[in-house]
Structures are given as C-alpha cells and as structure tokens.
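If you read the protein sequences in the order shown, they are chains A and B.
Read in order, the letters of the first sequence correspond to residues 8 to 524 in this note's numbering.
Read in order, the letters of the second sequence correspond to residues 27 to 525 in this note's numbering.
Rather than coming from a laboratory, the hints here were simulated on the basis of the structure.
Note that beta-carbon positions come from the ideal geometry of N, C-alpha and C, so glycine has one too.
Do not take every clue at face value.
Covered stretches of chain A (chain B as the covering partner; in silico rule of three or more C-beta atoms under 8 Å from a C-beta of chain B) [said to hold, decoys possible]:
1) 48 to 56
2) 175 to 183
3) 187 to 194
4) 299 to 310
5) 392 to 401
Residues from chain A that keep clear of chain B, each with C-beta distances beyond 12 Å, as calculated [what the hints assert, rightly or not]:
6) R120
7) E172
8) M330
9) A432
10) V447
11) K475
12) L521
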Amino acid sequence: MIANHLLTWITFIPLLGMLAILLAPATQKALIRGLAVVATAIPLGLSLYLWLTWGAVNGGSAQLQYVERVPWIQAGNFLVQYFVGVDGLSMPLVALTCLLMFIGVFASWNIERGMKGYFALLLLLEVGINGTFVSLDIFLFYVFWEVMLLPMYFLIGIWGGPRKEYAAIKFFLYTLAGSVLMLVAIVALYLITGTFAIASYTEGGQNMPGLLELARTKQITGANLVAGGVLMGVSFQDWMFWFFFIAFAIKVPIFPFHTWLPDAHVEAPTPISVILAGILLKLGGYGMFRIGFPIAPESFEKFRTLLAVLGTINIVYGAYVAMGQTDFKKLVAYSSVSHMGYVLLGAAAMTDWGVKGAVLQMFNHGTSSAMLFLIVGVIYDRAHHRELNGFGGLVTQMPYYGGLTTLGFFAALGLPGLAGFISEALTLLGSFKTYPTLTVISCLGVVMTAAFLLFAFQRVFQGPLNPKYAKLPDISGREVFCQAPFAFLCVLFGVLPTLILDILNPAVKQFLLLFPA
Amino acid sequence: MNLLREELSWITPELCLTLFACVALLVDLFVQKGRESVMVGFFSLMGLLATAFFLYRQYGVTPPAQPVFGCMVVDPFSTLFKLFAVGALAFVVLFTMLSRQTRPDGYGEFYFILLCAGLGAFFLASTYNLLLMYLGLELLSIASYILAGYAKGNRRSGEAAMKYVIFGAVASGVMLYGFTLLYGMTGSIDLTVIGPKLRDQFALDHGTIPISVATGLCLAGFAYKISAAPFHFWTPDVYEGAPTPVTTFLAVASKGAGFAALLRFLQAGFIPDRTLGGPEAMMGYSDKLGTLVAVLAALTMTLGNLAALGQTNLKRMLAYSSIAHAGYVLMGVATMNREGFSSVLFYLVVYYFMNLGAFGVVMYYANTTGDEQIDDLKGLGWRSPLVAITMVAFLVALVGLPPTAGFIGKWFLFTAAVKKGFLWLAVVAGINSAISLFYYFRVARAMWLRPEEEAKYATVHASPAFAALLLVLAVGTVWFGVGFDSLLRYCDYSQNLLR
Chain A
8 MIANHLLTWI TFIPLLGMLA ILLAPATQKA LIRGLAVVAT AIPLGLSLYL
58 WLTWGAVNGG SAQLQYVERV PWIQAGNFLV QYFVGVDGLS MPLVALTCLL
108 MFIGVFASWN IERGMKGYFA LLLLLEVGIN GTFVSLDIFL FYVFWEVMLL
158 PMYFLIGIWG GPRKEYAAIK FFLYTLAGSV LMLVAIVALY LITGTFAIAS
208 YTEGGQNMPG LLELARTKQI TGANLVAGGV LMGVSFQDWM FWFFFIAFAI
258 KVPIFPFHTW LPDAHVEAPT PISVILAGIL LKLGGYGMFR IGFPIAPESF
308 EKFRTLLAVL GTINIVYGAY VAMGQTDFKK LVAYSSVSHM GYVLLGAAAM
358 TDWGVKGAVL QMFNHGTSSA MLFLIVGVIY DRAHHRELNG FGGLVTQMPY
408 YGGLTTLGFF AALGLPGLAG FISEALTLLG SFKTYPTLTV ISCLGVVMTA
458 AFLLFAFQRV FQGPLNPKYA KLPDISGREV FCQAPFAFLC VLFGVLPTLI
508 LDILNPAVKQ FLLLFPA
Chain B
27 MNLLREELSW ITPELCLTLF ACVALLVDLF VQKGRESVMV GFFSLMGLLA
77 TAFFLYRQYG VTPPAQPVFG CMVVDPFSTL FKLFAVGALA FVVLFTMLSR
127 QTRPDGYGEF YFILLCAGLG AFFLASTYNL LLMYLGLELL SIASYILAGY
177 AKGNRRSGEA AMKYVIFGAV ASGVMLYGFT LLYGMTGSID LTVIGPKLRD
227 QFALDHGTIP ISVATGLCLA GFAYKISAAP FHFWTPDVYE GAPTPVTTFL
277 AVASKGAGFA ALLRFLQAGF IPDRTLGGPE AMMGYSDKLG TLVAVLAALT
327 MTLGNLAALG QTNLKRMLAY SSIAHAGYVL MGVATMNREG FSSVLFYLVV
377 YYFMNLGAFG VVMYYANTTG DEQIDDLKGL GWRSPLVAIT MVAFLVALVG
427 LPPTAGFIGK WFLFTAAVKK GFLWLAVVAG INSAISLFYY FRVARAMWLR
477 PEEEAKYATV HASPAFAALL LVLAVGTVWF GVGFDSLLRY CDYSQNLLR
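From just these sequences and the hints, can you work out the full model?
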C-alpha cells in the first residue's frame, strides 16, 4: 500500500501532522515538537527508501517512477488529474526537501512564541514544496506552487526580524506577481491543448500526449486561440515562454527580479532561511527545467543567449554585491544569488555537461547554503547580531564551530573534493562550448566567491578575540546534529559524485531530447 | 382553475417568502419587549428554510415551457440565484440576531423589510419581462434604502441611506428610460420577444444608434446595481454607513441579483443564436457590446483595487474590494457567450461564501469593540485565533489563491476571457489580483504579524453560534477550491437552460 502510493504519502503525511498539531493543546510543547519530528521523519524515511532503491527500480531509464494518476476534477471536457510521479530530475529534490524539513524542525527547537502555529505552517510548507516537485499536472502544480506562499508569508512575517512585515509582503507580492503571469500562460495552454497533463500517459490503451510531448511535436502554436499564433507582433510561444520564465525567475531569483531575496533572508528566522535557500529557490530552477523551457522549445532556442547573459550577471553581480556586505546573513543571501546563476547558465548552454552541472548545482547549493545559514544562525543565537566586523578570533573560543564553518565555506566556494566544485566545474565546462566569453566572465564569480567567503571567515574567526565574546559557548550537540547531514552530503558528493550523477544522467538526456536538435 | 393551481404551484417559494415576511411583522406585535430579535429572527429563519425547501423541490424538475403568469420564469438559472439569495438572507438574519448594531427598536420591521428585499431579488432573477424586472429592482432597492438607514440616530447611517436613495433614483430612472426606448422600438416588454425583433431590425440594417442608446441606458442601471465603474461612487459611503448585516446583504444578495438580471437581459436581447446564425450586424454588435463591457470590467477592477489600497476602515476597504470583484465578474459577462456566463455563476457562488465570511468577521469585530479600523485589529490573531484563521481563509480566497474557491472562480473567468480573445483583460485582472494582495493582507498583517502585546482590545471570544457560522463559511470557501466539480456541473446546467 505504501509502495503504491509512495509519493502521496511523502506529500501528505506532513498535512496529517499539521492537523494533529492544530488539534493538540498549545501548552503541550513537547507533544507538538514530537509531532513535527514524526511528521517530517516519515517522509524523510520514505524518500531515503526512494533514493536507495532508485537504481533497482529504475534501471537507469528516464521513465517517470511511482506514477499515480486519478481524476481529481472532472466536468465535461474539464479534467484535472491528481497526476504525480518522479524522475531523476525531481527525486533528489524531493529527498532534499524531506531532509531540510526534518532538520528545519530541529533548528526551530528554540521557537517558543506561537510554536503551535509555527510548526503547523512549517508542515504546510512541506506539503506545498513536495507537491510541486511531484506534480505532473500543470493545474495541480500551480495549486501546490501557491500553497507554499501563505505559510512562507506568515513564517517570515510572524517569527522574523525587525523589518519582517516589509520582507514578508515583498516576498509574497513578488512571487504572486510572477504566478499570475504563469496562471495566464496556463489558461492559454489549456485552451490551446485541452489538457493539463505535463507528461504523456495512456488511458484505455490510447496514448494521451502531455503538454511537453505536444510542445516537442510543435502542436502548441496558439493559432487556434489568436489568429496566426501572433499577438501584438510577438509569437504566442514567446509570450508563454516569458510568462513562465518570469514566474520562475522571480523564485530562483534571476537578476533583476532578485531584490526580494536579501530582504526575506535577512528577516526570516534561521530555519526558514535555511528552507528558503535550500529548497524554495530550487523550485524556480526546477520549474524552468520541468515546464518553462521545454514548453516553448523554439523560444528557448531563440532567447537562450539572453538567458546565459542573465545567468552570468547573476553569478558575477551576486558575488560582487556579496563582497560589499557586512551583515553575515546578507552576505550568504547574495552568495545564493550568485550560485543560482550557474543553474541558468548551464541550462542555457544546452550541452549534456552544462545541464547536468546546472541540475546538480541545484542540489549542491541546497546542501551548502543550508549549512551556511545554519552557521549564521549559530552565531546570531549567541551574539544577537550578525555584523561581520563585530567579531574576531572566534576560532579559539569555538573551535568546533570554526571547523564546521570552514567545511561549509569551502563547500560553497567550490573547493575540489567537495560537492560544489563538481557542479560548478561541470557547468562551466559544459557552457564553455557554447558561450566561451560568458563562461570566462563567470569564472570571475568563482574567484570573487572565494574572496568574500574567505574575507568573511577572516573577520569572524581570525585575528584577536573580541573580549565581548570571550565566554561564548561552542556549538551545541543539537546544532551539530543539524549541520552534520549537510556536511556529510557535501563531502560525499564531492568525493563520489557518480552517486547522484547516475540518477541525473538519464533525466538530463531525456530533457535534452525535448528540444529540436 | 387547474391552470391557476398549477401556475401558483410554480411560485410557491415566492408565496412562502411573502407569507413569512408578513408573519415576521405580526409576530413582532405579540412578543414581549427585548425578545423581538430572537423571536422574529427565528420566524424569519423558518420562513427562509421553508422557501429553500420549495426551491430545492423545483430544482431538477422540468421547468414550465411558458413563463408562469406570463412573466415569471422558473428555470434552474433562477433557482440557483434564489437558493443563494435565501442562503445569503439566512446568514444576514443570523448576523443580525447576533449583532448589537441595529438595536434598540423595530426588530420585526427590520426582518420584514429584509425579506421583502429578498423577494425583490427573487423577481429580479427570474423574469424576462421588463416591467417585472423593474418592479423587482425597485422592491429590492427601496427596501435596501430603508435598511441602509436603519441605525437610527447614527449620522453615517442616515447619510448612507440618503446617498443611496438619490443615486438609486437616478439610476432606476435612467434604466426605465432605456426600457421605454426598447419598448418603443419593438412594441414589447418581453425580452424573449424583444430579442427576435431586434434581430429583425439588425437585419434591416437601420443603423445601431437607437439600439445603442437604449442598451447604454439599461446597462447604466445594471452597472449601478452591481456597483461597476463609472456608477460605483455610492458604494463605499453606503457600505460604510449602513449597519454591517445590511452591508453584507447589499454586497452579496443585492449584487448577485443585479448580475442575474444583467445576464438575462444580455442573453435574451443581445446575443444572437450562433447556431442558427443571426444577422451579421447583430453578431458584430454583440461583440462590440462585449468589448465595451470588457473595458468597463478593466476600469472597475482597477479603480476598485487602487482605491482600496488607501483605506483604513475595514468596511470601506471591503466596499472597494466588492467593486473590484464586480470588475472580475464582468470579465465573464464580457465574453457574451454561454461559457462566460457559466463562469459568472460560478464566481458569484464563490463570492457569496468569501464575502459573507469577511463581512461576518467585520461584524464580530465591530460588535465586540465598536471599532472598524484595520490597524486596530492588531494582535487579534493571538487573542481570537479561530476568527482570525477563518478571516485568513476568506482573505486568501478574495485574493484568488489556491487552494480556495476564489482561485477556481477566477480560473474560469480567466479561461472564458482568454478564450474570447481578451488576453489583455486576463493580464489586467492578474495584475489586479496581485495588487489586491497588498490591501487584503494588511488585515492579515494586523491580525497576526503584530505581537499580542500590541492588541488594543481584550480577548472577546466569538460566541459558539457565531464561530460555527464562520467555520461553515470558511469550510465552504476551501471546499469549493478543492472539490468543485459538482458546483461546476450545477452552474453549467443552470446556464444551459437559460434561454
């Protein structure tokens, strides 16, 4: 029963957990925490099972696995399906979500005020994220996509820092503005094709082509909606492409839509920053790979140089701005902007290595940025500020913390032997073939990243110890527990990248097949 | 005699409502002072329940081929509207029973007038006869004028009633003038006759100026009733000044009935039967009319939203929001086809739920604190979590986010508009939805994002009855966002039989 509906369980167990938490009395804090742990641990366990049996189940094919498909809303020709499944592209991200949420619960151990609501919203967020990753019906995808917004708004807005209200509504407005464009595109897609299915499926022995199949065979022209498929001098596909792209670009975030991110990160409580950087940004990238690019292959071909330029701007500009930050968290936030640029650059390159590097970068940034934000959280909890220049010499006072930070920083700056190196190197190697100049410029970003991270390390950990912090306790067991999985993954996929590349390979090949050669 | 009995049987719901309106008036005379609210309210509720029962029995029965008494149309379309008018009335009655604003005297009359207004909505939704349509409109309007000024001694309430009367009188006069022109051109007051006659006139190609003048005047009247731009100026003042239960009635039932009449008016008179192939000129005219409505829709939603951004009073903000929503609904009207009208029905049902809920919360808040300022909601979430959680559900639905019914309603409106070729309108509506987030979530921000210590008022728990009402509405709002297929079929079916 569980194996047949594995994805449903992974997605909806947190929802059950949320209901249980809502019913629990607010005074029973231990019970609420326990429920949150259980409700995130079960999906984590199931997703581990998913990962570990992946090779055996899938046998290296690019087919969607664990597919479930039942009609959800059916009235006349209007058919929305509960259509879920995973492939090499989404499965690692589902697993990453489950891990991050599980860790997120432990990282939230200190939350006291309104903790019942906090954990309920956290679990609702997990439902939205996992649902988005597994959806193969575009209507379902959109519903899950939007379900994420509300918990995030409240999590930042209620438990955030001094400017939380501004940050929360900014996050909400930016994302919503993108989503309504996506909604218009989805409406148009439905009217053109009459289907919501992203992937093809068979119904009663008959092959029902999904949206991607229709796009590949050039059946989505929009000619049946507007005369000649051209609207205001712009082809229908181009409209759709940009609508989807902007929606996803805001989430990634791609320059110039990135301004919500530093605000949201700085104001959000640590666990929420971790989830935001670790997973929410990946939804934008995932959306591009799953829907945004293949739905309009010709437009993508037409505009991909522009996308590569945007990706390069992200890498260099993000790193450049990060260099100027004195707020530890803002620095890490801008490093995220920089790192997510690789995803766009690699995708635009359209080479096997480039795309593989981009997808891997999403996963690796998920682990390394989660670690960085946890590191910031540790120091913030103790010193109650994040001013880089206000510290110094902490490595003598907090040696274990210093050690973990070193690992996290090196993973983020792409030191060989750690995970970040593999994905960045793959991306750059892959895109060099297509865009040599842009790749060379992007390499500047790598240098700058190393510079700002090392400079930050120097300011916080080296030099004379600030006497104010001479009594700071070292990192606690719970904090180590939170960071350990990410540290482990950074090392593991740095040393044995094939463990994850074998999963990505078939999916990436399949992805490239969606575009005309 | 048999014929009379049969015809009478079709209007049982109306008869039932009339009867109970009179009963409400009489009961008031016999109950002891101080208990009127409960007793008369109780009898009104019973009446509404009985009416709903008769309406329910009519649903699914093959409707009569000819209008009853030559003017009352009984079809699933009208039944749907009547059912929801009854539902809205029931909530308004319950709100009134739980409210302290309408005290101290004259309870029986209040319910009597409310039920009469409901009767007006019934007639408005179920006739092709221009005269009856006008009578229904006037019954509804005049009752509403009185209701708006019901809080005696309250200056704002008096001002609201006065403004409402003046605007209303002008609008209904203009509309009546439009009706007379139509009568002059076609010699009939029956829309089912007027439609074919107009078609003939189009075929003769006499030019469209007289028809345009008549249509324009009629549309102005409808636009006033549904508070669409540029006839929306009365809305904020009236909504703010009237007692909250009355505002709820105006925003929900009255507006819904206005839309019902508008749909009938357009469908019967101005939409050529495309399968039979009306004259070219008429097709063109119908599309032009649609474009005009589309422009009005864009204007209405944008004006409503932009004005709502600056409001500090909760009721006034909701008034502008209801203008914006009229704009969204007009998107479906602008398509001038069955699918679009179907989406209008769907959205109106959704609109009932979310607005009843939002106004319910306003009433709870105004009742317990006497305050209607958004900023003074500070910390309410921590003090009265249940009310605040339901309010978030209503707000999310009003913005149009999944998984609530507001999203699904907007989805169908968007689909209908894009299908008709109004992609620009869908984009405008999308941007407007994003803007609306800002003012709706100012409420959520005040309720939840401000700490409990900042709360202005001490904890006042909603009474169990009131909490239950809000829960029902919230569950409905979310339920129709997840399991909406039955409602979709119902709306489509109701639309099918709209002749």
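Evaluated hints:
no.: 1; hint: 48 to 56; verdict: violated (count 0)
no.: 2; hint: 175 to 183; verdict: holds (count 5)
no.: 3; hint: 187 to 194; verdict: holds (count 5)
no.: 4; hint: 299 to 310; verdict: violated (count 0)
no.: 5; hint: 392 to 401; verdict: violated (count 0)
no.: 6; hint: R120; verdict: violated (8 Å)
no.: 7; hint: E172; verdict: violated (5 Å)
no.: 8; hint: M330; verdict: holds (33 Å)
no.: 9; hint: A432; verdict: holds (40 Å)
no.: 10; hint: V447; verdict: holds (39 Å)
no.: 11; hint: K475; verdict: holds (29 Å)
no.: 12; hint: L521; verdict: holds (25 Å)
Hints 1, 4, 5, 6, 7 from the earlier list are contradicted by this structure; the remaining hints agree with it.
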